[in-house]
Amino acid sequence: MKIVVCLKRVLDTQERVEIAPDGKRLVSTGLDYVMNTHDECAVEEAIRIKEAKGGQVTVLSLGPSGATETIREAIAMGADEGLLLEAEGDEEAWGPKSTASALAEALKGLEFDLVFFGLESGDGSHHQVGLAVAEALGLPAVDGVKKIDFQDGKIVVRRAVELGEEVFELEPPAVLTLVDGMNRPRHPSLRGIMLAKRKEIKTIKVAPREEPLRLIQLRKPPERAGGEILGEGKGAIPKLLEKLHEAGLVR
Amino acid sequence: MEMYPMYSFFSEEHRILKRMVRQFVEEELNPHVDEWEEAGLVPREVFKRLGELGLLGIRFPEEYGGAGADMRTTVAFVEELARCRSRGIVMGILVHTDMSSPHLVRSGTVEQQRRFLPEIISGKKICAIALTEPGAGSDLAGIGTTARREGKNYIVNGSKVFITNAINADLFFVLVKTAPELGHRGMSLLLIEKGTPGFEVQRMPKKLGMHGSDTGELTFADCPVPVENLIGEENRGFYQVMSGLQIERLVSSVAMVGHAQQAIEDAIQYAQERELFGRRLADFQVTRHKLARLQTKLEAARQLTYAAARTIDEGLDATAVVSMCKAFCADVACEVADECLQLHGGYGYMEEYDIARLYRDIRLWKIGAGATEVMYEVIAKKMGLQEQERRAPSEPVRAESGR
Ligand SMILES: Cc1cc2nc3c(=O)[nH]c(=O)nc-3n(C[C@H](O)[C@H](O)[C@H](O)COP(=O)(O)OP(=O)(O)OC[C@H]3O[C@@H](n4cnc5c(N)ncnc54)[C@H](O)[C@@H]3O)c2cc1C
Ligand SMILES: Cc1cc2nc3c(=O)[nH]c(=O)nc-3n(C[C@H](O)[C@H](O)[C@H](O)COP(=O)(O)OP(=O)(O)OC[C@H]3O[C@@H](n4cnc5c(N)ncnc54)[C@H](O)[C@@H]3O)c2cc1C
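The listed protein sequences derive, respectively, from chains Y and E.
Mapping the first sequence onto our numbering, position 136 (from 1) lands on 136, and the numbers just tick up by one.
Mapping the second sequence onto our numbering, position 402 (from 1) lands on 402, and the numbers just tick up by one.
Take the hints with a grain of salt, since some may be wrong.
Result set (DSBU-like, lysine-lysine): computed pairs, CA atoms no more than 30 Å apart in a straight line [said to hold, decoys possible]:
(1) K197(Y) / K297(E)
(2) K197(Y) / K194(E)
(3) K48(E) / K50(Y)
(4) K199(Y) / K18(E)
(5) K97(Y) / K202(Y)
If you're looking for bench data, these hints aren't it; they were derived computationally from the structure.
Please put together the full structure from these sequences, using the hints given.
Structure below.
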């Protein structure tokens, strides 16, 4: 099974992020970049499939030259090859459409059975790139996959929906976007890190081709009202039941 | 990870390693530290796990499972490992990785390396370094443990105190006198395995801090150690140990910087939450300036660790810079601990916050791995400031042999 994992480096979400005074950008006090968490799970999943069934895992990332670090991190975990699409211009010039078309273009030059994406990126949260790439390549796609199985030559994927799950059967090639939490990504070992260090990362320069999304205004969600304390221990149960009845949550 | 932009001492691979170690510490060490502090030692499984991640042989040859990396990689590892909420556990690990086993790589024979290194690097065997004795700590030339050659064995007699990892360790690098009449020119380093007849280990209970590490006393009574366990050359042990101490002092300095950085971060958070006199503690200018001053000193300390690591990587004599580094980092780290505890007020004195434990733990480093005064002696000597000799010229010079 040949798998390409598309991943993005994002600002460490553990750092404080605030809305800039102009309301059009996020500013972060942090300076450290990490692999997007959904993407980390996608890398882990791809490596597990390779370990179980053989094959190859290639990571593909669009970003600044420093994104080689994130690609190498995936290689240190167990991916085989990396390809960087070195993005020209400011980050703001790169909307999801431009990103998707550049990735789709690069994917045309790669051999694969499956392409993995993370569900969405932790910074922009557009949740568009994976599906837009599938569209551009004319491939079937399942969004928000939480489990992948292989049965009789078919790929069986599950995605969570309200009140249950949807099960799809696919034949490669296909595009899947994977959700954080479907597995526990491994730590790269130091041996893996040293191997990745020696790996050459192929780099192709790309320029944005589509108009970016125009961001009008960022706003903080309204402060949530504080909870109401109904009592303590068993004594709180009658009051709690009353409230639940009022809200129509129990009958 | 960084608070402010600055040139990076590290390369890509180091940053990847740092993130990995940081996560490992958060996920696999910190949830258990209270339990391990209570038990008073690092569980052996921790060493095995570190071995799986390749962290026990960072600078060791790849043929034995090491990573063949440089000192910068060690610095990256230690800075993040130091975020463990039990500094004693950090010390136990560093005694294994950087204070004892490197002797095998530096001075051991191929045969010895083949025999011991794979299990050391995988964490199946744990190491300790045994220099200090009841009658000799700073003055290592004054040790009294002897090893007398008898056929295929050395017969070892004497005792060692304050030995970290004593309970856990399988392999002890022990400094002995093979030619007592030659002073520090008659010392050798022996690798003594636990279980050797005549070798006993006893826990030394109750210390101020570093509760996560097991400190013990070793006694050797006519203990036979095979001659093939001599590490390096006979009677060169003192010099081997002195050169090994450079690494020991550097990694302990890096650990101190990591501990102190975490103390500052905790204090910032506390100062932003605590309200008094109608505002946050952080809203007092005196608080902000205090934290800024501490961070400035700590940055200077950190840069000194980088300079020392670089000096070692470039193969230069690092004695002076490492000694400065060790003395300065210990001073700054203890000051940071004291001031950050102060910012916590009465809560800082209670076990509820990590700062109480950190304050106790960090104090060791003005003493362990070479007391600050010993560092100043080394630095002064490098500056051409040598004491005029008052003793008889035949006696060995103590300042030279100070650890
Ligand atoms: C928790 C812990 C763990 C340890 N782990 C180990 C270990 O794993 N292996 C090991 O071998 N040892 C270990 N040690 C021992 C440690 O290295 C020694 O305690 C240290 O070297 C100081 O030696 P000492 O205690 O004999 O003090 P002394 O040598 O008696 O010194 C006492 C004090 O005298 C002062 N002093 C010393 N030299 C001079 C000088 N030249 N000029 C002026 N003043 C001076 C200093 O203030 C010093 O603190 C450990 C100690 C502790 C507490
Ligand atoms: C073991 C122990 C025993 C105690 N026993 C008693 C007792 O018997 N009875 C009792 O009533 N209390 C007792 N205390 C409480 C003790 O008096 C308080 O801890 C102390 O007054 C500090 O108050 P706080 O802890 O609320 O710290 P805070 O008032 O929150 O102060 C925190 C820190 O803020 C800084 N700070 C405070 N004021 C200023 C300022 N104006 N400008 C700039 N910085 C400032 C200081 O660094 C201070 O340490 C005890 C505390 C301990 C730990």
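Going through the hints against the structure:
no. : hint              : verdict
1   : K197(Y) / K297(E) : violated (33 Å)
2   : K197(Y) / K194(E) : violated (39 Å)
3   : K48(E) / K50(Y)   : holds (26 Å)
4   : K199(Y) / K18(E)  : holds (19 Å)
5   : K97(Y) / K202(Y)  : holds (23 Å)
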